[in-house]
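Position chain B relative to chain A; hints supplied.
Protein chains: 2
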Amino acid sequence: MSAIVNRRILLTARPKHLPDGDSLQLSEGRAPSPQPGQFLIKHLYIALSPSARLRMAGDSDYGPGMPVGEVVQGQTLGVVMRSRNDQFHEGDIVITNGGWQEYSLSSGKTAVKVDAPGVSPLDALGLLGTSGLTAFVGLTKFGKPVQGATLLVSAASGSVGSVAGQIGKILGCRVIGITGGQDKCRYLVDELHFDQAVDYRSPDFAASLASACAPGVDIYFENVGGAILDAALPLMADFGRVVLCGMVATYNQGQGIPGPSWLPILTKRLTVAGFLLRDHQSAMQEFRTQATRWIAEGQLKMNYDLSEGIAEAPAAFARLLQGDKFGKSIVKVADV
Amino acid sequence: MSAIVNRRILLTARPKHLPDGDSLQLSEGRAPSPQPGQFLIKHLYIALSPSARLRMAGDSDYGPGMPVGEVVQGQTLGVVMRSRNDQFHEGDIVITNGGWQEYSLSSGKTAVKVDAPGVSPLDALGLLGTSGLTAFVGLTKFGKPVQGATLLVSAASGSVGSVAGQIGKILGCRVIGITGGQDKCRYLVDELHFDQAVDYRSPDFAASLASACAPGVDIYFENVGGAILDAALPLMADFGRVVLCGMVATYNQGQGIPGPSWLPILTKRLTVAGFLLRDHQSAMQEFRTQATRWIAEGQLKMNYDLSEGIAEAPAAFARLLQGDKFGKSIVKVADV
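Residue numbers (our numbering), protein chains in the order written: chain A, -13 to 322; chain B, -13 to 322.
A few of these clues could be false.
The list cannot tell twin chains apart, which means a pair is met if one copy fits it or any two copies do.
Said to hold, decoys possible - Think about it this way: if two alpha-carbon atoms lie no more than 25 Å apart in a straight line, the pair counts; the simulated PhoX-like pairs of lysine-lysine are:
#1 Lys254 / Lys127
#2 Lys318 / Lys287
#3 Lys130 / Lys155
#4 Lys254 / Lys2
#5 Lys130 / Lys254
#6 Lys127 / Lys155
#7 Lys95 / Lys28
None of these hints come from the bench; they were simulated from the model. All values derive from a computational prediction rather than experimental measurement.
So here's chain A without its partners, still in its complex pose:
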């Protein structure tokens, strides 16, 4: 069999601001041959995650820094091409941390076979992946939703926020989403059945948010930080819970951005809880069981920001960091 060309994106320098052509470069190599115990995977989809930005810069709370000069790390869904491993066979569909490239080798240790009936490969990587699990853990373990509670979600059309809001609806909450632009607002209400959506780009954002949230927010699922957190915190109800899942508005900035006044935390007796998914991987089975049922019942879905071709990954990643995308960012690198 002739050598297979493997196109890949290398981290060539640690980005200072938005990653660009200095830090992310397309390169061509050859797909490696599996050694005993290994198998070769042809990637179909690569999932992009904002936390990769932190790990490109060096060691971070989301994991160790990615090595400069090597392939950018990331979750992939692919098909097994050639196998010298007893557990994985040619044609198996697997999710693994294959990186931003067209092919990867695996020893099977961190690979998971996709076997959710009625779930598409895209949903297996996206909706049933880390974004969905993050939403599930944050909302159910920290938000403690109850029937009739008011749930506010920021970055609500994003991969985590959209799942948090839909699970909130399934569990009986009144759900309000914050997103950017009228198209995304309509999507939240018309497609995902949120009760209300508020456009943070609108000139009367603060007043609209206050009106939508009255008489108060019981659970605030926060993905953004910055000005949106400043606007939302004073709208909490007594004994409300703020689930701090991400602060993507601040990842391209330093550590020193002030937050809102803490007075509402005191006077409204709020609880603010930060969490990282890496402490909660053990909830994956519970999440997949529940979410597979919700998907089958048509109660849970995900929108994808789909790019075509490995060469498009850096541009898609830049859109993700700038909030200029709609749903979970996925790069399609091959057909089955």
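Same frame as chain A, now just chain B:
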């Protein structure tokens, strides 16, 4: 019996900044006579509380606004002079909300008889009062102290902070206090047996605090807000708990003072919980039982900033709001 002169402090205007002669004025009246079911109390001590500042300004989260033109509200310890109530008898020592005056009437509904053996009247009002209960509830219900945990307390020589730190020691924590000045630092270490004390007025405060708190703070009991919170939050350990008990540094300012960046809450998976004592009055009996034993064992004590005479109450209150006092602020208005 001739009429008894009752000197009292009236709230004559809502204070804008530090209360002064425009808002607090001494006035003389006559002590009222008890009607059936009532009794007359001669006050011995009046306890001053910073939350009174908020209630002087109007309705607040610490309770309804105090009426302008009437006696300033506050906890008192006194002796029953004349009684037309079957439950309370001449000579009984009682704690009630008698206000900033020399005499008050009570119907007994909110009066509590002092009957803790081995506890002085001053400790019955101060240490066993709302300050001590606040420290007990905040530390035990929200801080969740365990043997060997590192506990950081701000305003540590104050009435709440000093009790929080001492209870932390009793429960096996390593306790670090933040206070102002070397005298108070020595008091925390020498008299209250804190492990370390850090002077926030010292030019190397930030470095000293970081060194004292290494490798990280498991429980931060916060009474102050502002610059001290900014310095402490980045020193938290993973999974640490911030108990937000007060923000006295901000009570004389508006609502809009920014807080620290929330990134440490996310990356260290912190929990920040605000609480108000009014939700936890039911813990009073548990606290009094425990604290009476700790006092008898010599493990728990309180320092008092004692003023003499009702006319001194406004000046003592101003010192309290400016942090220029040492221990629980009490005005002694009469001998037994």
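Each hint tested on the structure:
For the homomeric pair Lys254 and Lys127, the shortest alpha-carbon distances inside one copy (21 Å) and between copies (17 Å) are both at most 25 Å. Proximity of Lys318 and Lys287 under a CA criterion of 25 Å is satisfied intra-copy only: 19 Å inside one chain copy versus 68 Å between copies. Taking the shortest Cα distances, Lys130 and Lys155 sit within 25 Å of each other inside one copy (13 Å), while across copies they are farther apart (33 Å). Taking the shortest alpha-carbon separations for Lys254 and Lys2, only the inter-copy value of 23 Å comes in at or below 25 Å, while the best intra-copy value is 39 Å.
In the homo-oligomer, the alpha carbons of Lys130 and Lys254 lie at most 25 Å apart both inside one protomer (17 Å) and across protomers (21 Å), since each shortest distance falls under that limit. Taking CA atoms no more than 25 Å apart as the test, Lys127 paired with Lys155 passes inside one copy only; the shortest distance there is 16 Å, against 32 Å between copies. For a Cα distance limit of 25 Å, the shortest separation of Lys95 from Lys28 inside one copy, 17 Å, qualifies, whereas the shortest one across copies, 78 Å, does not.
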